[in-house]
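> First to last, the protein sequences are chains A and B.
Taking this note's numbering as reference, the numbering of the first sequence is continuous, increasing by one, and the terminal residue is 303.
Taking this note's numbering as reference, the numbering of the second sequence is continuous, increasing by one, and the terminal residue is 303.
By construction, these hints were calculated from the structure, which means they are not laboratory data.
Each statement offered as a hint is correct.
The list treats identical chains as one, so a pair stands whether inside a single copy or across any two.
Below, in silico cross-link-like pairs of lysine to aspartate or glutamate (EDC-like), each with a Cα-Cα straight-line distance of 20 Å or less:
{"id": "1", "residue 1": "K64", "residue 2": "E272"}
{"id": "2", "residue 1": "K202", "residue 2": "D285"}
{"id": "3", "residue 1": "K45", "residue 2": "E87"}
{"id": "4", "residue 1": "K63", "residue 2": "E272"}
{"id": "5", "residue 1": "K277", "residue 2": "E265"}
Number of protein chains: 2
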Amino acid sequence: MAKNDQPYLGIDLGGTNIQAGVIGSDNQLIATDRLKTKADGGQDAVVQRIVKVVDSVLDKAKVKVKDVAGLGIGAPGAVNHKKGIVINAVNLRWVDFPLGKQLEKELGIPIVVDNDVNVGTWGEYMAGAGKDHDELLGIFVGTGIGGGLVLNGDLYHGHHLTAGEIGHTIINADAGLGRRTLENLASRTNIVNQLKQLILANHPSDISKLTDGDLDRVRSKILAEAFTNDDKLTQVVIGQAAHYIGASIANTVTLLSLPCVVVGGGLTEALQAEWIKLIRDVFEEYVFPPELSKCKIVASELGDDAGTIGAALLAKQRLEKD
Amino acid sequence: MAKNDQPYLGIDLGGTNIQAGVIGSDNQLIATDRLKTKADGGQDAVVQRIVKVVDSVLDKAKVKVKDVAGLGIGAPGAVNHKKGIVINAVNLRWVDFPLGKQLEKELGIPIVVDNDVNVGTWGEYMAGAGKDHDELLGIFVGTGIGGGLVLNGDLYHGHHLTAGEIGHTIINADAGLGRRTLENLASRTNIVNQLKQLILANHPSDISKLTDGDLDRVRSKILAEAFTNDDKLTQVVIGQAAHYIGASIANTVTLLSLPCVVVGGGLTEALQAEWIKLIRDVFEEYVFPPELSKCKIVASELGDDAGTIGAALLAKQRLEKD
Chain A
-18 MAKNDQPYLG IDLGGTNIQA GVIGSDNQLI ATDRLKTKAD GGQDAVVQRI VKVVDSVLDK
42 AKVKVKDVAG LGIGAPGAVN HKKGIVINAV NLRWVDFPLG KQLEKELGIP IVVDNDVNVG
102 TWGEYMAGAG KDHDELLGIF VGTGIGGGLV LNGDLYHGHH LTAGEIGHTI INADAGLGRR
162 TLENLASRTN IVNQLKQLIL ANHPSDISKL TDGDLDRVRS KILAEAFTND DKLTQVVIGQ
222 AAHYIGASIA NTVTLLSLPC VVVGGGLTEA LQAEWIKLIR DVFEEYVFPP ELSKCKIVAS
282 ELGDDAGTIG AALLAKQRLE KD
Chain B
-18 MAKNDQPYLG IDLGGTNIQA GVIGSDNQLI ATDRLKTKAD GGQDAVVQRI VKVVDSVLDK
42 AKVKVKDVAG LGIGAPGAVN HKKGIVINAV NLRWVDFPLG KQLEKELGIP IVVDNDVNVG
102 TWGEYMAGAG KDHDELLGIF VGTGIGGGLV LNGDLYHGHH LTAGEIGHTI INADAGLGRR
162 TLENLASRTN IVNQLKQLIL ANHPSDISKL TDGDLDRVRS KILAEAFTND DKLTQVVIGQ
222 AAHYIGASIA NTVTLLSLPC VVVGGGLTEA LQAEWIKLIR DVFEEYVFPP ELSKCKIVAS
282 ELGDDAGTIG AALLAKQRLE KD
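Based on the sequences and whatever the hints tell you, model everything.
Below, the structure is given as C-alpha cells:
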C-alpha cells in the first residue's frame, strides 16, 4: 500500500500534447511539464515520450521515480480502466493498447489508466469546483463534448465501461441528421462552423476583423472577445449552443438528481460567468422537479490542469483503496 | 434482524387501487388482494384501507402479521425513502405525510417506503425481466412516463432523492411548449389525445368502431387491437411515441452504459414484442458507442404485480441489510 505522504504523478495524454504533473501530500501541484505527443511515431514512441516528460517533471519537482507512489494517466478515447487498456483512441490511432502494462514496465511504479474526461471530472470533484459535493456531472465543451460522472463518491463507468457520453445524447429527435446530438449542435467545432457559414452568407460580424479575415483562426478566445464586445452574430450562435447544453444538463440532473455540474473546456475558460449564466437559465427552465434548480452549475476551477491533477488523484484513490 | 424464511408484505399504492401481496422465502407471491384507495377520504382513511387490505391478504395467505418480517410500499409521487415520508403525491393530494411511521404504528412491523416506479423497477430487477443484470433502467409508459434506476446493484435515488424522472427529460429542444419532454410526446395520454385530434379531423381509423364512437374509452387494449389489425393511423401515432421512447432510452444507456432496460406499462403488456421492436430499432440507431446496441431491451415480466413484488423485495433487501 502507498504511503500517504508520497507524491503521485498525473499525465494528461492528448492527441497533440502530453501534460505531466507531480502532486504532493496536500494534493497541490509541485511541478508541471509538457511535451508534444507526436502520435504519428506510433504507440511505443509515444510511451517513450511519456517516460521522457515524466523524467523531466520529476527533475523539476526534485523527486525520484522510486519515491513516487503511483502514476495516473487520462487517455483520449474508450478505456478499460480495470485492465489499463486503451480500447480505442481515434486521435492516437490506438486500438486495444495495454498502456498501463507498458508504462509499468518502463517506470516500475503502479499505473492507473482512465478516460481523459473521467480524469478531468475526478480532478474537479477532488480538488476543484466540485469538491463540496458527493455527486456530479463534469461536462467539457471543446472540439467535441465529453462528460464524466461521479456517483456515490466514485467515478461511474457503467457495465460496459463507456458511461458519460453526454455529447452523443439526442436533444432534437425531430431534426435532420447531423442536428440531433448535443455534440453536433453545441461543440466549439459546430459554433465555429455555424459562424463561418453565416459570415460567408454576408451576416455582419466582428469575427472577420478579429481573425484578419482568416476564419480558420477562430478559437475560444476570439469567440469570447466577440461575445463580450457585443457582436450580435456571435451572441446568437453561442446562445444557441448554451441552450442545447443547458437542456442536456437539465436532462442529466433530472435523471440522476445531482447536486452539482462542473462545466469546462476552452470556451468556459474564456467566457466564464456569462457562459455559465446562459446555460443556467435554460437549465432552470427545463429541470424537473423544479426544486432541482438549486443544483449548482459552476465553471471548472482547475482549467487546463484538471487532467493532470485528476489523473494523479485518481491513482491515489485507487492505489490507497487497494 | 429479519429471518430469511419469514414472509414479506408488498403494497402498491395507487390513486385508484391499493394492491397487496405476500411473498414467501422463494420470493414468489403466496397471495394477492386489492381494494379501492378512496383517496378523497383523506390520509388517515387511506391508511386504514391499507391496514384492511393487509388483513385480508394475510388471511388469504394464512400468515399472521406478527410472523411477517416487514412491509414495503410504493407510493405515487416524491418520496423520502430514508425517512419513510411521502413528500408530494398529487393523485392522493398528500404533502409531507409520514406514511412509514403511521403504518408502523398500525401494524407493528418494520415499514419501507419508496416511490412506486422505483419499487416496480426493483421488482423487475430482483424477480422479473432484469434479473440477470447488475444495472438497469425501468421505464413505465402509462398516463405519464416514469423511470427507475438500479446502479451497482442498488436502487439509485440521487442526492435530492428524485432520480429516474426520464419522462421529464427534453428530447425535442427546438419544439414548441408541450412538445419537448418525453412524457408530453409519448405517454399513453398523448397517444390517445393525438388519435382523438386526428380522428376528429377526419383521418380514417378503426379506433372509432372499436370504441363504439366514444373516443374517451380508448385504453391500451384497444390501441393494441387497432395496431395489430393494421390500422394505419394507430400505427403511425404509436410509431412516433416509440421513436421518442427509443431515443430517450438510447440517451440513458449512452450516459450510463447500461446492460439492460425493462419497459413496462399497459401498452407494453398489450403489444409486447411489436412495441419493443419499434423502440429497439430507434434505440440501436441512436445509442453510442454502437457496441452498446447489445444492451437488452425487454418487456416487463411481472406486469401488474411488479409493484407489490418489488415493494416486498425492497423491504427484504433494506431490512436484511440493516
